[in-house]
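Q: Assemble the complex: chain A is given as a structure, and chain B must be docked to it using the hints.
2 protein chains.
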Amino acid sequence: MIKGIKFSGIASGIKPSGLDLGLVLFQEKTHVLSLYTSNRVKAAHILYDRKYEGDPVRALVVNSGCANACTGKEGIADLEVIGEKLAKLLKIGRTEVLFASTGVIGKRLPVDTIKSALPVAVKSLREGHAEDFAKAIITTDTHHKLVKETFKGKKDYSIIGVAKGSGMLNPNFATMLAFVFTDYPIAPDAIRAAFRQAVTESFEKITVDGECSTNDTVMLFTRRGEQDLSALGEFKAKLRSVLKDLAIMLIRDGEGATKVAHIMIKGARKKETAEKIARRIAISPLVKTAFFGSDPNWGRIICAAGDAGVPVEPAKVDITLQDQEIVKAGVELPFDEEKMKRMMNKNEIAVVVNLNEGKAVFDIYTTDLTFDYVKINASYRS
Amino acid sequence: MIKGIKFSGIASGIKPSGLDLGLVLFQEKTHVLSLYTSNRVKAAHILYDRKYEGDPVRALVVNSGCANACTGKEGIADLEVIGEKLAKLLKIGRTEVLFASTGVIGKRLPVDTIKSALPVAVKSLREGHAEDFAKAIITTDTHHKLVKETFKGKKDYSIIGVAKGSGMLNPNFATMLAFVFTDYPIAPDAIRAAFRQAVTESFEKITVDGECSTNDTVMLFTRRGEQDLSALGEFKAKLRSVLKDLAIMLIRDGEGATKVAHIMIKGARKKETAEKIARRIAISPLVKTAFFGSDPNWGRIICAAGDAGVPVEPAKVDITLQDQEIVKAGVELPFDEEKMKRMMNKNEIAVVVNLNEGKAVFDIYTTDLTFDYVKINASYRS
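Sequence order for the protein chains is A and B.
Here numbering that gives the first Met the number 0 is used: the first residue of the first sequence is 0, the next is one more, and so on.
Here numbering that gives the first Met the number 0 is used: the first residue of the second sequence is 0, the next is one more, and so on.
With the rest of the complex left out, here is chain A:
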């Protein structure tokens, strides 16, 4: 619970059933720092929110069940209408309301449905309802994701992180969204770089299917007013930890996933090289199906590495799978296939590829590619 920040999550009727509308009310005007998808096709909420970047915020509306992406000018006008209605109910300014959406692309928001539901959402606002909010924003996620931390400065502070997403993008009902709330008073400029870095180290280090959504959004809300710089270091550490925890929760709940794989590239000349190789391995359907099948098929790993568009010297490469060294200098070491298969029949897979060319490293988390991934994504929308 954070004093001065109230949450609600209700079933408004955007989805056929279940919670689908989350609302947050800040008792005082608050700062916000936002990061959005790099996709060239951006959802209406991103185009809308960006207009008010830097302005103080009083409320946040997040809906699931409809991405409000590729909806043209009408998609933005819809948010203006909803914002107007909410502003009246809360007696705040319309431009003090931000939005985020997740769900199917190309469909307009059911504006009348949402407008009729807003009074209920406002009435349900409580400091203790963060969990309802977290539940209202999920789609193909099998559970909601919420992390709390506390830390000390001139007084005791709290930080609450909420996220949804069953991968970087999850189709029909899509998108990665994350929101961080705190009563710690700090100005955006003091933490912009740390926030960007924390996102790079968390959400940008997970991938389910290599797909980048039209709606991806991470927002950090901090208190306005006199800053407490005595706790800045601790706040940054907690922020990193909250985002990392949320990212791991997302990847564990990746669509159809039965396993989480940690891919570590070591010994690169440059970090960029290590990153390209790590990301290429992490999205390889052949590597990911091998994980699903508990197959110690290192050939697929080195093949993906070779296809990353950066120099790789196969004769220098060492690979360990589940802490077992199975490739030395590009050539297979004798190993017991049955034993190795049993070792891979775990929820956690660890791959380390050492390029033996330098000191740079990069790591990333991915999932296995399973029948259920195909099932979830091949099933018709309606």
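Be careful, since some hints might not be right.
Identical copies look the same in the list; a pair holds intra-copy or inter-copy alike.
Derived lysine-lysine pairs resembling BS3-like cross-links, with alpha carbons at most 25 Å apart [claimed, not checked]:
{"hint": "1", "residue 1": "K106", "residue 2": "K270"}
{"hint": "2", "residue 1": "K106", "residue 2": "K327"}
{"hint": "3", "residue 1": "K374", "residue 2": "K345"}
{"hint": "4", "residue 1": "K327", "residue 2": "K72"}
{"hint": "5", "residue 1": "K106", "residue 2": "K338"}
{"hint": "6", "residue 1": "K270", "residue 2": "K358"}
{"hint": "7", "residue 1": "K338", "residue 2": "K14"}
{"hint": "8", "residue 1": "K315", "residue 2": "K243"}
{"hint": "9", "residue 1": "K106", "residue 2": "K340"}
{"hint": "10", "residue 1": "K374", "residue 2": "K338"}
{"hint": "11", "residue 1": "K340", "residue 2": "K14"}
{"hint": "12", "residue 1": "K87", "residue 2": "K50"}
{"hint": "13", "residue 1": "K122", "residue 2": "K106"}
{"hint": "14", "residue 1": "K50", "residue 2": "K315"}
{"hint": "15", "residue 1": "K315", "residue 2": "K106"}
{"hint": "16", "residue 1": "K2", "residue 2": "K122"}
{"hint": "17", "residue 1": "K315", "residue 2": "K72"}
{"hint": "18", "residue 1": "K106", "residue 2": "K84"}
{"hint": "19", "residue 1": "K153", "residue 2": "K50"}
{"hint": "20", "residue 1": "K90", "residue 2": "K106"}
Just so you know, the hints here were simulated from the structure itself, not pulled from any lab data.
A: Same frame as chain A, now just chain B:
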């Protein structure tokens, strides 16, 4: 049948069962033009064959069941031993023998097994055995791929194309290989550019899983001696047609595929832009699972386009699916979802994305992503 080119395909024991060793003998020294994988990790046969680039060729050995990739210096030495033995049997020079391999990465060739089988392979050589050769080089392919054409110059000429591959890379037993044989006398320099272009327009326009193998190889063998330039135009046309036919046969037989999708990007400012968008859509697991599910989910198509790393103006984009216009200027046109679903329940899917920004186009073929793709690739190697 081509006079002067003999084929055989036998079961040598590299695989537990089935044909696995193909041999081609050229009665006269022949020209060869080769193109190899862009993967930084290259199979032993590529490293070996390249040493003799430009030299005349008398024989070609192709095995399935073992990629001979990531096998270090030993993998190359193994080819020298096999080449030595075959050269003695055929009374030709060892360096006149070229190799190609396909199968699991990281395992050495069973040299003794292959050496013992060579006399049988030599004894089976016949001008009419091209089909046996085509059968010996397949892996997860459900059938062999062979195309024949004839054309006229100063005399009648033939061209035979053989290929294998159930996608750009097919895991355990992997790799795209293609070989073109002809009795048409032409020097490599006269057709190098046309060959490169024909490959670009055929094998480089198909993708099953976006994976690039360590072994991909395309070889064109032409007769040495006095050239017949009167048929050069026709030969180039036949070459394009043979490679295109083989490529389409490969994509139709893509691992687990139930559908072939043709993705056409139009109205780009530059061809490179159209190509990047086409390739990004063609490897998108979300688009490919939607094809499998007959889901007219155009949101996934525009989302993938937006993630291609090139500028896209969503508000200008038109999309047709199965010749039905469903998106105009970035916004959905009303369509009957049930009817559209039935129209997508076909073996062939046609997607046209018009960026409406220029005149450049690019098209590519891909498959759907199915339960069987996961099944084939998650099953343990042994």
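Q: All hints, please: hold or fail.
A: Do the hints match the structure? See the list:
1. K106 - K270: neither (40 Å within a copy, 31 Å between copies)
2. K106 - K327: Between copies only: 14 Å across, 52 Å inside.
3. K374 - K345: Cα proximity of K374 and K345: in one copy and across copies (22 Å, 19 Å).
4. K327 - K72: between (57 Å within a copy, 14 Å between copies)
5. K106 - K338: between (50 Å within a copy, 18 Å between copies)
6. K270 - K358: within (9 Å within a copy, 39 Å between copies)
7. K338 - K14: between (47 Å within a copy, 23 Å between copies)
8. K315 - K243: neither (32 Å within a copy, 38 Å between copies)
9. K106 - K340: Classified as between; 17 Å across copies, 45 Å inside a copy.
10. K374 - K338: between (30 Å within a copy, 22 Å between copies)
11. K340 - K14: Between. Shortest inter-copy distance 22 Å satisfies the 25 Å Cα cut-off; intra-copy 42 Å does not.
12. K87 - K50: within (20 Å within a copy, 78 Å between copies)
13. K122 - K106: Classified as neither: same-chain Cα gap 28 Å, cross-chain 67 Å, threshold 25 Å.
14. K50 - K315: between (51 Å within a copy, 22 Å between copies)
15. K315 - K106: between (51 Å within a copy, 17 Å between copies)
16. K2 - K122: within (18 Å within a copy, 88 Å between copies)
17. K315 - K72: For K315 and K72, the Cα distance is within 25 Å only across copies (13 Å; inside one copy 54 Å).
18. K106 - K84: Within one copy only: 21 Å inside, 67 Å across.
19. K153 - K50: neither (34 Å within a copy, 72 Å between copies)
20. K90 - K106: neither (30 Å within a copy, 71 Å between copies)
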